[in-house]
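Trainee: Top line first, the protein sequences correspond to chains A and B.
Quick note on this note's numbering: the first sequence kicks off at 1 and runs consecutively.
Quick note on this note's numbering: the second sequence kicks off at 1 and runs consecutively.
Do not take every clue at face value.
Unchecked claim - Computed from the model, here is a short list of chain A residues facing chain B with C-beta under 8 Å:
no., residue
1, 79
2, 80
3, 100
4, 142
5, 145
What the hints assert, rightly or not - In silico EDC-like cross-links for lysine to aspartate or glutamate, where the CA-CA straight-line distance does not exceed 20 Å:
no., chain 1, residue 1, chain 2, residue 2
6, A, 101, B, 210
7, A, 115, A, 128
8, A, 101, B, 206
9, A, 495, A, 477
To be verified - Far from chain B by the CB rule (all over 10 Å, computed), these chain A residues:
no., residue
10, 82
11, 83
12, 92
13, 102
14, 110
15, 132
16, 140
17, 147
18, 406
19, 521
The set of hints was computed from the structure by calculation and includes no laboratory data.
Note that beta-carbon positions come from the ideal geometry of N, C-alpha and C, so glycine has one too.
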Amino acid sequence: MSLLDIENLSLTIHGTPILKQVSLSIAPGEIVAVTGESGSGKSMTALAVMQLLPNGGQATGAIRLEGHDLLTRPEVDMCALRGAAIGMVFQEPMTALNPVKSIGDQVMETILIHKAMPRPQARERAEEVLTRVGLPPDRFPLTRYPHELSGGQRQRVVIAMAIALRPTLLIADEPTTALDVTTQAQILDLLRGLVSEYGMGLLMITHDLAVVADLADKIVVMRHGEVVEEGVTESLLRNMQHPYTRMLFEASGHKVSLPDTISPRPLLEVTQVVRDYRLPRKGLFDTPGHHRAVDQVSFTLKRGERLGLVGESGCGKSTLTRAILGLEEVQAGDIRLEGEPVFAGHKPNPAVRRKMQVVFQDPYGSFNPRHRVERLITEPFHVLENPPMGAERQDLIAEMLSAVGLSPKDADKYIHEFSGGQRQRIAIARALIIQPELILFDEAVSALDVSVRAQILDLLAELCAAYDLTYLFISHDLSVVRTITDRVMVMQAGKIVEQGETEQVFSDPQHPYTRTLIDAAPVLPDIGSQVA
Amino acid sequence: MLRYALKRLISLMISLAVASVVIFAVIEVAPGDPASFMLGVNAQEDTLAALRAELGLDGSKIQRYFSWVGGMLMGDFGTSYTYRTPVSQMIADRLWVSLPLALYALTLSTLIAFPAGIYAAARRGKPGDLTVMGATQLGIAVPNFWFAMMLVLIFAINLRWFNAGGFAGWDTGFWTGLHSLTLPAIALALPQAAILARVMRSSLLDILGEDFMRTARAKGLTRRQALWRHGVRNALIPVLTIIGLQFSFLLAGSIIIEQVFYLPGLGRLVFQAISARDLIVVESVVMLLVFAVITVNFLVDLAYAAVDPRLRSRT
Numbered sequence: 001m002s003l004l005d006i007e008n009l010s011l012t013i014h015g016t017p018i019l020k021q022v023s024l025s026i027a028p029g030e031i032v033a034v035t036g037e038s039g040s041g042k043s044m045t046a047l048a049v050m051q052l053l054p055n056g057g058q059a060t061g062a063i064r065l066e067g068h069d070l071l072t073r074p075e076v077d078m079c080a081l082r083g084a085a086i087g088m089v090f091q092e093p094m095t096a097l098n099p100v101k102s103i104g105d106q107v108m109e110t111i112l113i114h115k116a117m118p119r120p121q122a123r124e125r126a127e128e129v130l131t132r133v134g135l136p137p138d139r140f141p142l143t144r145y146p147h148e149l150s151g152g153q154r155q156r157v158v159i160a161m162a163i164a165l166r167p168t169l170l171i172a173d174e175p176t177t178a179l180d181v182t183t184q185a186q187i188l189d190l191l192r193g194l195v196s197e198y199g200m201g202l203l204m205i206t207h208d209l210a211v212v213a214d215l216a217d218k219i220v221v222m223r224h225g226e227v228v229e230e231g232v233t234e235s236l237l238r239n240m241q242h243p244y245t246r247m248l249f250e251a252s253g254h255k256v257s258l259p260d261t262i263s264p265r266p267l268l269e270v271t272q273v274v275r276d277y278r279l280p281r282k283g284l285f286d287t288p289g290h291h292r293a294v295d296q297v298s299f300t301l302k303r304g305e306r307l308g309l310v311g312e313s314g315c316g317k318s319t320l321t322r323a324i325l326g327l328e329e330v331q332a333g334d335i336r337l338e339g340e341p342v343f344a345g346h347k348p349n350p351a352v353r354r355k356m357q358v359v360f361q362d363p364y365g366s367f368n369p370r371h372r373v374e375r376l377i378t379e380p381f382h383v384l385e386n387p388p389m390g391a392e393r394q395d396l397i398a399e400m401l402s403a404v405g406l407s408p409k410d411a412d413k414y415i416h417e418f419s420g421g422q423r424q425r426i427a428i429a430r431a432l433i434i435q436p437e438l439i440l441f442d443e444a445v446s447a448l449d450v451s452v453r454a455q456i457l458d459l460l461a462e463l464c465a466a467y468d469l470t471y472l473f474i475s476h477d478l479s480v481v482r483t484i485t486d487r488v489m490v491m492q493a494g495k496i497v498e499q500g501e502t503e504q505v506f507s508d509p510q511h512p513y514t515r516t517l518i519d520a521a522p523v524l525p526d527i528g529s530q531v532a
Numbered sequence: 001m002l003r004y005a006l007k008r009l010i011s012l013m014i015s016l017a018v019a020s021v022v023i024f025a026v027i028e029v030a031p032g033d034p035a036s037f038m039l040g041v042n043a044q045e046d047t048l049a050a051l052r053a054e055l056g057l058d059g060s061k062i063q064r065y066f067s068w069v070g071g072m073l074m075g076d077f078g079t080s081y082t083y084r085t086p087v088s089q090m091i092a093d094r095l096w097v098s099l100p101l102a103l104y105a106l107t108l109s110t111l112i113a114f115p116a117g118i119y120a121a122a123r124r125g126k127p128g129d130l131t132v133m134g135a136t137q138l139g140i141a142v143p144n145f146w147f148a149m150m151l152v153l154i155f156a157i158n159l160r161w162f163n164a165g166g167f168a169g170w171d172t173g174f175w176t177g178l179h180s181l182t183l184p185a186i187a188l189a190l191p192q193a194a195i196l197a198r199v200m201r202s203s204l205l206d207i208l209g210e211d212f213m214r215t216a217r218a219k220g221l222t223r224r225q226a227l228w229r230h231g232v233r234n235a236l237i238p239v240l241t242i243i244g245l246q247f248s249f250l251l252a253g254s255i256i257i258e259q260v261f262y263l264p265g266l267g268r269l270v271f272q273a274i275s276a277r278d279l280i281v282v283e284s285v286v287m288l289l290v291f292a293v294i295t296v297n298f299l300v301d302l303a304y305a306a307v308d309p310r311l312r313s314r315t
């Protein structure tokens, strides 16, 4: 008998259909991955199992856990099941924990709320599960607060809470999406270990096919609230039937070919750059300590070259980006664009500043919602001494919107009228409009669905051919960096530990850290790519 | 935590020192010589000089600043120009009315606001929420003296449960004193409670949307358990800020209510002192209020740290 049986589950929220006739099943000890792009209904399927749907949610069909239908259970029964029979792990470990309660209290709460055992035993059990997830109490006392832990450690606490009562079913909703590749590999290992050890069923929600291919026994592919294809992992990847599955697979490993435009002239020269942050004083009269975020970094970016910068969170990628943009002064070293320093004295050099633009990660947060697109993409004109006016300005707006695949008519719209991918196109148009010498892409495709990401990568390749772009592409996603750059630098703890031709570095990494990164990154198996 | 408290304490001292200089300077530039005001326009020059010496108005500005501050530290606030009595005594008398009144009103306002705000947040968009929101809208819109007059009309004149005004004094007993402060405290508390309830509600609604509330539900907590165990404490930070501001306001800003109920409070004292150009009283009361505000802020800072562990470690 299967552990979880979802049969013809349909869901509407305030009358809007969200899920249509979804069916899937999980056996004890089995890992079933539900995959698909945003809006496919994968998270809603998970929340329907938990009966934690948003207000106005109406579910029909059947969700049976060990033979008992959950949809007809009263809320009191569901409270008794949640946390005890079904555990759930969420995507965002930074916000999934209550910031004002200690981790011990939060893990113990799962046990105490179900009155599973008295407090002293609950404490012991909490220590036991925290040890199991890799947070032994001698190094991570129960009195620690979430803000004293890293993202990966917090995700371990969330997992400890979910498994404290050994549920029969564990639901993990994008559990590693917010984590670095090496942390992701560790968390996936942990989940895999727990499933085999406890004989739990694992319902894993993820958009990342590479993670799925490596981990799941069965895959369910969803689109627009419907299951389009499902099957045992290997055979599904070998004979993908549905065009959507093939498209997902293709887009995940999407490759572009960049035009050859590199000239020998250096554009950006970074020499021995050091960026220190002051730490708070330990005592009243102590000299404050320093945290060296960027440590003696040197590199040269040639005109027409596409350079990648990879590394894990906290390695100094963003700090280096800010220093190059002249947003922060560096403590030592020199950053020059075409021979001019980005910092003149203690002030940013405007002459250099107007030759650089940046595209950020978040397509939702990086626009003022009250300005029209026309105004948004002409913002960089503020740094120009003689910005184009009148017809010239209108022509430029039209040209840029067309160049990024939008219509010139879109200039009159507001940003909320666009999807995530379209917004990122607008961000690129905004960067391109003053024809900068250098563009910095800071995780510019990380928040996008794979199919949209593939389109944006294609767009970048086209723009490289049309405008001879030179860019620095900062990302934690190795597969993207591999296809969109000529050369790559690997950064660890503020230092560049390896740099070289992208293909060279990826196929034959020299530094152990580079090897760790590449090994940790989940890859799509070859079986699928032959079919696709 | 100790380091945090110490740092806040140092910043409290600095704020007080700066405030004392500013208050002294402002009163100093205010026009009018208290001595000639007291003795009238026909006073002899030597009489004026003698009075100035007696009031401590001779000597350089710096000398006078330090003797003022030094005096205050020893509990000597000087002598009132108009009443010729020690200012410290006058303030102490008034403080015995104003401070309990402010605390009383604040307690009432918190007791009304917390349940109302939490109730409304838990029933967002439902009739209960709409009722509370409507009531708080009214509470903010209607001035407190109108409440005061209505309270007098209903509870003092019609029902005769309370006196219409005046303060019996604490000598007659704690409960009698409290009894005579009840109507003014309610009148002061209602608008404050309305504001506080709204802050509590919106703060809690923000928290209810947080990821960790969903985590709590996923652990098996009921909606109510999640609200009380994980919601309320996280929602307290903005609420504490408002409570701090309200206390300062209640201490000094109750002048209209004091007038309505004939209460000998600080507000009335300041009002009378300003009209009589009794600058030493004004100066001292203002300094005292600044001291109260800064101290309350210090306490609020400590309360933040007690509520939120992130602040304790960020010193």
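Trainee: Hints first: check each against the structure and report whether it holds.
Mentor: How the hints compare with the structure:
With 8 Å as the threshold, the beta carbon of residue 79(A) comes within range of chain B, its nearest partner Cβ sitting at about 5 Å, so the hint holds. A least Cβ separation of about 7 Å between residue 80(A) and chain B falls short of the 8 Å threshold, and the interface hint therefore holds. Hint status for residue 100(A) relative to chain B: holds, with the closest Cβ pair at about 5 Å, below 8 Å. Interface hint status for residue 142(A): violated, as the beta-carbon distance to the closest one in chain B is roughly 14 Å, over 8 Å.
A cut of 8 Å between beta carbons decides the hint on residue 145(A): the least distance to chain B is about 4 Å, and the hint holds. Proposed proximity of residue 101(A) and residue 210(B) is supported: the alpha carbons are some 15 Å apart, at most 20 Å. For the hint pairing residue 115(A) with residue 128(A), the CA-to-CA distance comes to about 18 Å; that is within 20 Å, so the pair holds. For the proposed pair residue 101(A) and residue 206(B), the alpha carbon gap of about 18 Å is at most 20 Å, so the pair holds.
With a C-alpha separation of about 19 Å, the suggested pairing of residue 495(A) with residue 477(A) holds against the 20 Å cut-off. Here residue 82(A) does not stay apart from chain B, with its beta-carbon only about 4 Å from theirs, under the 10 Å limit. Not every Cβ of chain B is farther than 10 Å from the Cβ of residue 83(A); the closest lies at roughly 3 Å, contradicting the non-interface assignment. Under the 10 Å C-beta cut-off, the non-interface status given to residue 92(A) relative to chain B is violated; the minimum distance is some 6 Å.
With a least beta-carbon separation of about 8 Å from chain B, residue 102(A) fails to lie farther than 10 Å from that chain, contradicting its non-interface assignment. Not every CB of chain B is more than 10 Å from the CB of residue 110(A) (nearest about 5 Å), against its label as outside the interface. At roughly 17 Å from the closest C-beta of chain B, the C-beta of residue 132(A) stays outside 10 Å, upholding its exclusion from the interface. For residue 140(A), the condition that its CB be more than 10 Å from all CB atoms of chain B holds, with the nearest at approximately 15 Å.
With a cut of 10 Å on Cβ distances, residue 147(A) falls inside the contact zone with chain B, its closest approach being about 5 Å. Even its closest Cβ contact with chain B, about 33 Å, leaves residue 406(A) beyond 10 Å, as expected for a residue assigned away from the interface. Every Cβ of chain B is farther than 10 Å from the Cβ of residue 521(A); the closest lies at roughly 26 Å, confirming the non-interface assignment.
Hints 4, 10, 11, 12, 13, 14, 17 from the earlier list are contradicted by this structure; the remaining hints agree with it.
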